[in-house]
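> Okay, here's what each chain looks like letter by letter:
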Amino acid sequence: MEQLLSKFKKIEPRNEFKEHSRALILNAPQNHQPGMLLYIARMLNFKTGLGMAAVFIVVILTGLSLLNQRLARSELVSGLDSQELNKEVEEFNIQLSQVRYYENSAKRIEVALKKTSGESITPEEQKEGINQLLDELIL
Amino acid sequence: MNLLKNKITKYITAIILIAGLLSPVIPIYAQETFKTVLEEITEKMEQIEGIKNNTTLTAEEKAIEETTIRKEILSKIFELTLLENQDLKTKLADVKNLTEKEGGLRDNLLKMLKENELVYQLMQERLEKAQTLNEIKQLAADFKDWRALVYNPKVEKIVAFILVFQEERILEIARERLQKIAGSLEKLETTNILKKEDTAQLIQKAVKNLDEAEVLNDRAKKIIVYLLNNELSQQIKWGIGDSLIYSQDSFITTATVKINVNNSLEYIRSAYKLFIEIGNLVKQKLNK
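Those sequence lines, one after another, are chains R and D. Under the working numbering, the residues of the first sequence are numbered 1 to 139, in order. Under the working numbering, the residues of the second sequence are numbered 1 to 288, in order.
So here's chain R without its partners, still in its complex pose (with noise of 0.2 Å):
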């Protein structure tokens, strides 16, 4: 018994089936894929890196000048709307008429004043009535 077990001590693969064998492993087909991050983790070396700057510079740029063309555009609209200049127009014609309210109601007053003292009235002074001043007040 003791010369068989170390006999069973003594025994190795033959040489050719030990090649083969190690040749059948090393080539068998890998089963874990290098994830994503590894494979895009590979590409960040510093020359792709200058690249992607390169491009993200110029997108930028460019859509900043894309930007300032807009603002300058809207900057077009606040400055030179026509529909605010005409406003700005208005509310002066506006302001001035609540003034000119005078220099028309003075005479039209006397005339009612006129008329109520019991004072004859020329026909023009009928004319130039109170009508004619509710006429000029603008609202």
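If you are wondering where the hints come from, they were derived from the structure by calculation, not from laboratory data. Treat the hints with care, as some may be off.
As the list claims (entries may be wrong) - Cross-link-like lysine-lysine pairs, in silico, DSS-like; alpha carbons within 25 Å at most:
id	chain 1	residue 1	chain 2	residue 2
1	D	101	R	87
2	R	87	D	96
3	D	205	D	285
Given chain R's structure and the hints, the job is docking chain D onto it.
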């Protein structure tokens, strides 16, 4: 602590903004009341005609009706005069950016309005006591004379004063608008949508117009200040450029002030027409 401060500031800003939005409405409201009172006066004046032509009434009845209506008309005219008084007070108070001297003149004008109040009181008392048609007619005649001799001349000066400074403010706004437009054009030029030559001439014209407007407004101001300092219209020296021109034998009145203000406004209107022209030109270029 800072958070609270921010909240309060925001709150106050909001209130001020809302008040600012409402402020253009308030003077319009005053004019609305003028309109209402004037309409009432017109209605009642027509009623007098109606009574006169009414054949169903006796002479006595007519007299009674007429007295009532005439009294009401007179009362409405008083009311209108008081409204005018208040309106002018407000407009005077609204004039901004006065020098000390000009502020002094404004105070004098406010005093003139205050003096009227005594007369109103007296007239009101007489109106309440007036019973007969003749008393009403006499009161109307007296009020007419007072308005012609005292009230209207005061109002003319006040109105001329307000006009000059209102127009000055309008000129300021026009200049600000021009600045805004020039700034916008500069920005557009950087984007190469526009070239400077496209709008340079128009801008120049606009500047010239506003400069002319300023000359006329200054002239109007000189005249009204002179008039208010001296109640009588006299000869006046006015400077045009470096040379002095004497206006001989021409009496300067508040009408002269208004003419200058109106001419100044015409230049401002021309400037705005140019602004609109520039706007259209730029729109054209943008749409290309």
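> Take the hints in turn and mark each one as holding or not.
Here's how the hints hold up against the structure:
1. Proposed proximity of residue 101 (chain D) and residue 87 (chain R) is contradicted: the alpha carbons are some 34 Å apart, above 25 Å.
2. At most 25 Å may separate the alpha-carbon atoms for a hinted pair to count; residue 87 (chain R) and residue 96 (chain D) meet this at roughly 22 Å.
3. Using a Cα cut-off of 25 Å, the hinted pair residue 205 (chain D) and residue 285 (chain D) holds, with the two alpha carbons roughly 21 Å apart.
Of the numbered hints listed earlier, the single one contradicted by the structure is hint 1.
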